[in-house]
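A.B. asks: Residue strings, one per chain:
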Amino acid sequence: MNDWLRRLLFLPEQASTIARDMDSLHYFVIIVTMVGATAVAAFTLIFIVRFAAHKHREKSAAPDVRHGYTHGGIPVWLELFVFGGLLSLFILWWVIGFRQYARFVEPPPNTLQIYVTGKQWMWTFAYPNGAASNGILYVPAGRPVTLVMTSRDVIHSFFVPDFRVKRDVVPGRATTVWFEAPAAGRHHIFCTELCGVGHSTMRGEVVVLAAEEYERQLEGLERVDLGDPRASSLAAAGERVAARRGCMRCHTADGTPHIGPTFAGLYGATIPLEGGQSVIADVQYLTSSMMDPAAQLHRGFLAVMPSYQGLLSAAEVGGLVEYIRSLRDVQRAEPQSPAPQRTDVPIVTPLQPEERR
Amino acid sequence: MTSYLASGRSLRSWLVTKDHKRIGILFLIATTLALVLGGVFALLIRIELLTPEPSVFDALDYNRSFTHHGVVMVFLFMVPVIPTVFGNFFLPMMLGAPDVALPRLNLASFYVYCLGATILLLSLWFGGVDTGWTFYAPYATTSPTAVATAVFGVFVVGISSILTGLNFIVTVHTMRAKGMRWFRMPLFVWAIYATAIIQVLATPVLGLSLLLVGADHAFGMGVFDPALGGDPILFQHLFWFYSHPAVYIMILPAMGVVSEVVCTFSHNRPASYRAIAISSIGIAFIGFLTWGHHMFVSGMSMLDVGAFGILSMFVAIFSAIKVFTWTATLYRGRITFNAPMLYFFGFMFLFVFGGMTGVAVATSSLDIHWHDTYFVVAHFHFIMVGGTLTMFLAACHYWFPKMFGRRYPEKWALIGAVAVILGFVFTFTPQFLLGNAGMPRRYHTYVPEYQWLNVMSTAGATILALGLVVTLVYLVHSIFRGEKAGDNPWDSRGYEWLAPTPPPTHNFHTPLVIARGPYDFHCPERP
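Chains as they are written, first to last, in our numbering: chain A, 1 to 357; chain B, 1001 to 1527.
By construction, these hints were calculated from the structure, which means they are not laboratory data. Among the hints, a few may not be true.
[As the list claims (entries may be wrong)] Where chain B lies over chain A, by a calculated footprint (3+ residues, C-beta under 8 angstroms):
(1) 7 to 14
(2) 154 to 168
(3) 186 to 194
(4) 265 to 272
(5) 321 to 331
[To be verified] Footprint (simulated), chain B over chain A, 3 or more residues, beta carbon under 8 angstroms:
(6) 38 to 49
(7) 172 to 183
(8) 295 to 302
Glycine included, C-beta positions come from ideal geometry on N, C-alpha and C.
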C-alpha cells in the first residue's frame, strides 16, 4: 500500500528514518484533498443538471414571482456538521503535522556533526576528523547526522528529497538539519532557494556508506584547508584557527575570564545574557556569536568583539565550534571582577583573511 | 440619454474621463495587455523546461523570464484586475450611485498604475530582474540586474492599488442609494470592500520593504544584508506580511464574482448571504496573521511555526464556508447554463483542490518536503489562475452585455472555457507531481527523470494559451459586431442590471430607491 501510493504520487524513495512517517500524513492529506475537490465538483455538476431551468414544468413569462426563495437557508445541523467536521480535520492535521515537525527538526542527542557551507554555487562539507569534501556529502548509515549549515553569500536551501529534509542556509546564522539514513545509497542534494544564475546547478549528492566504509572514505579525503595539514581532527585545526584569527587575545582556554568569556566549559553551558535572559551555548549560539556578537551578549562582558561575518569559512567556524566543544569539561571560573573599563580594552580587529574569495 | 460609450468619441474624452465605467475599460485594456505579456513569459519558461539541459535560454535569461512572469502577473494583472476593472465599473452601479466617491482620484489611480507599469517594464527591458518576484534579500540586494528601478516600479503600482482601495472604502460608506442597508449590498461589493481594506492596510508595508531593498541594492544600505549587519529573515517577514494578504487581494474579488454568477444563473438567493459576506471580512482579517507559513524552513522558532500553522487552518475554514454556501445555493435553483456557469464549475474544482493543497502545505511537517518545490508552484497557480483568472473570464462574459450592450457568441465561449480549464489542469497537475518528486522551483536545468512531466505541463500550457487567445479574439470581435443585448439578459436581480444597456454616464436615469435585496428572485425585477 505504502509503496503503491508512493509511486502513484511520484514521491521519491524513502531513504531516511522520517520519510515514511511524513509520507503517511502526505497520503492522508492528499487523498482527502482529492476526494473533497471531486465531491464538491460532483455536487455542483449534479445540482446544475438536476435543477436546470428547462426541467421546471411551469414555463411562463414571469417565473420569478412564483419560483421564490426555496431552500430556506441551510439547516443548522448540516452547517454545524460540515464546519465542525472540517475544522476538526484541519486541526487534526495541524496536531499531527506540528508534532512531526518538532520531531523532524530537533536533532536527537549525540549526533554526528558535519559542517556545511553553501556558496554560489556549491556545497562544501567539513567532517569532525578534519576531512573536507565539495559537492559530495559522505555519511554513515544507521547513525543520526546533524548538518550545521551557514552561507558565505546569499540564502541557499539544503534539500534532499529522498530524506524529506530541507532547511534554509542563511548567511550570518547557523541552521541545522538532521537525518538518519538506514541503508547505503546515493541521493540528490538540491538548492531550493534562488541564489543566482547557477541556482539549478547547485546540486550535490549524499553518499550513505556502511560505518567502516565511511571511516575509510574520510581517511581518503583531503584535510580541511585550515592552514595546517597535519591537524589530527577538526578540533585541533580549530585551535590553530583560534590562535591565527586572534580569538585567544580576548578568550582563554583555561577557564579564566578575560576580555571575553573563556572557552572552557562554555559548550552546552547556560549563558546569562545582558537584559536578564539566558541561552544555551550550542552550535547556533556559538556560530551566531561569531557573526553578530552583540546580538546575544554574555552578561558582564563588553560589546567589543567585531563581527567575523564573511571572514571565517564554514570549515573554520566548524573548527572553532569543535575546539570549544573539546573544552567542555574544563573547569571555568565565573567572572568575579566587574568588567574592565572601556579604556583598558585593547583595540581588537579581526585579521584580514588571506584567502577571502 | 446617450450611453457612456457614445458620450464623446475622441481619444481625449477617454483619456481625461472621470466616468468610473470608462476608467474601468481603460484598466481592462491595460490589465489585459499585462496578462498577454505575462502569458508570453510563461510560455518562454515552459519552452525552456522541455529539456533538462539549457536549450533556448542561458540561465540568466531564464531567471529573468520567470521573474518577469511573476512580477507582471502578480503586480500588473492579478492584484489590480478585478477591483480596477469590474470593481470600478460595477461597484458604483451596484450601490445605485452615479459614480465613485472620488472620481478624480480614480483617474489618478489609473495614471499612477500606468506610470508604475512603465517604470517596471522599462527596467525589465533594460537589464531585467532575476531575483524572482519575491525579491529575497540578500540575493536581491546583490543581484547584478535592475532591481532598484523594478522595485520602485512596483512601489508606484502599489500607490495606485492604495488609491483604488481607499476610493472604494469611501464609496461604500458614503454613496449607497436610498434604502441600501449594509446587508442589502450585493456580495460582490462586500468582497471588493474587504479587498480594499487589505489593499489600504497591507500595501504600504510592501512598498516600504521594497524601497528598502532598492536602497540596499542601489546604495548598499545593508538593512537586509548580513554582511553589513542586516537581517535577511526580517525581509521575509515584511514581504510576506503584505504578500500573503495579497493572495486575498487576488482571490476575494474573484469570490465576489462567484457569488454574483452563482446566484444569477441559479436564480436563487445565496444559501446564506451573511455567511458569505462575513467570511469575506473574516478572510481579510485572519489573512493578516498567517504570513509565517511561508517561512517554515527559514529558521523560525517552534512557537511561531505552531501559531502560524493553526492560524492558516482558520483562514481555510472561511473559504470552505464560502464553497459550501455556493454549492448549496444551486440546490433547488432554476439553473440556466452559460459560459460563466462553466467557468464557475471549473472554479469549484480548481479552487477546492488548490485550497486544500494550501491546507496541505500549511501542515508544518509536510511543508518541509514541499517548500520551494513545484508543488507550491502548482498550488498557488491553482488558487490564483484557477481562482482569479477563471473568475476574471467569467466576469468578462457575465457583465459583457451590460458593459458593451452586445452579446458574446455562446458556442465559442463554451469552447474557450473548456480549453482554458482543461489546459489549466494539464499544465499544473504534472507540476504537483514534480513537486512531490522533489523538483525545486526556479530551476533552469533539472535532473532527467523529471522531463516527461515537464513536457506534459508545457503541452497543457499550450492548450491554455490557445483557449485564452480564442476568448480574446471573439470577445474583442463581439464588442463591435456582437448581437445587441437587452437590459437584463440573464434575468438577474442585481441592481446594476436596472441601468440601461449600455449605461449612461451617471448610470441611472432616476435615483434608485432600494426596496428589495439583490438576490430576491421572488420579487419582480422592478418593484
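A.B. asks: Hint by hint, say whether it matches the structure.
C.D. replies: Hints versus structure:
Look at the stretch 7 to 14 of chain A against chain B: 4 of its residues bring a Cβ nearer than 8 angstroms to a Cβ of that chain, three or more, so the hint holds. Counting residues of the stretch 154 to 168 of chain A whose beta carbon lies closer than 8 angstroms to any beta carbon of chain B gives 11, which meets the minimum of three for the stated coverage. With a threshold of 8 angstroms between beta carbons, the proposed coverage of the stretch 186 to 194 of chain A by chain B holds, since 6 of its residues qualify and at least three are required. Given as covered by chain B, the stretch 265 to 272 of chain A fails the check, having 0 residues with a CB less than 8 angstroms from a CB of that chain where 3 are the minimum.
Using a Cβ-Cβ cut-off of 8 angstroms, 0 residues of the stretch 321 to 331 of chain A lie near chain B, which falls short of the minimum of three, so the contact claim is violated. A stretch counts as covered by a chain when three or more of its residues have a beta carbon under 8 angstroms from one of that chain; for the stretch 38 to 49 of chain A and chain B the count is 8, and the coverage holds. With a threshold of 8 angstroms between beta carbons, the proposed coverage of the stretch 172 to 183 of chain A by chain B holds, since 3 of its residues qualify and at least three are required. Counting residues of the stretch 295 to 302 of chain A whose beta-carbon sits less than 8 angstroms from any beta-carbon of chain B gives 0, not enough to reach three: the coverage restraint is violated.
Violated hints, listed in ascending order, are 4, 5, 8; each of the other numbered hints is respected by the structure.
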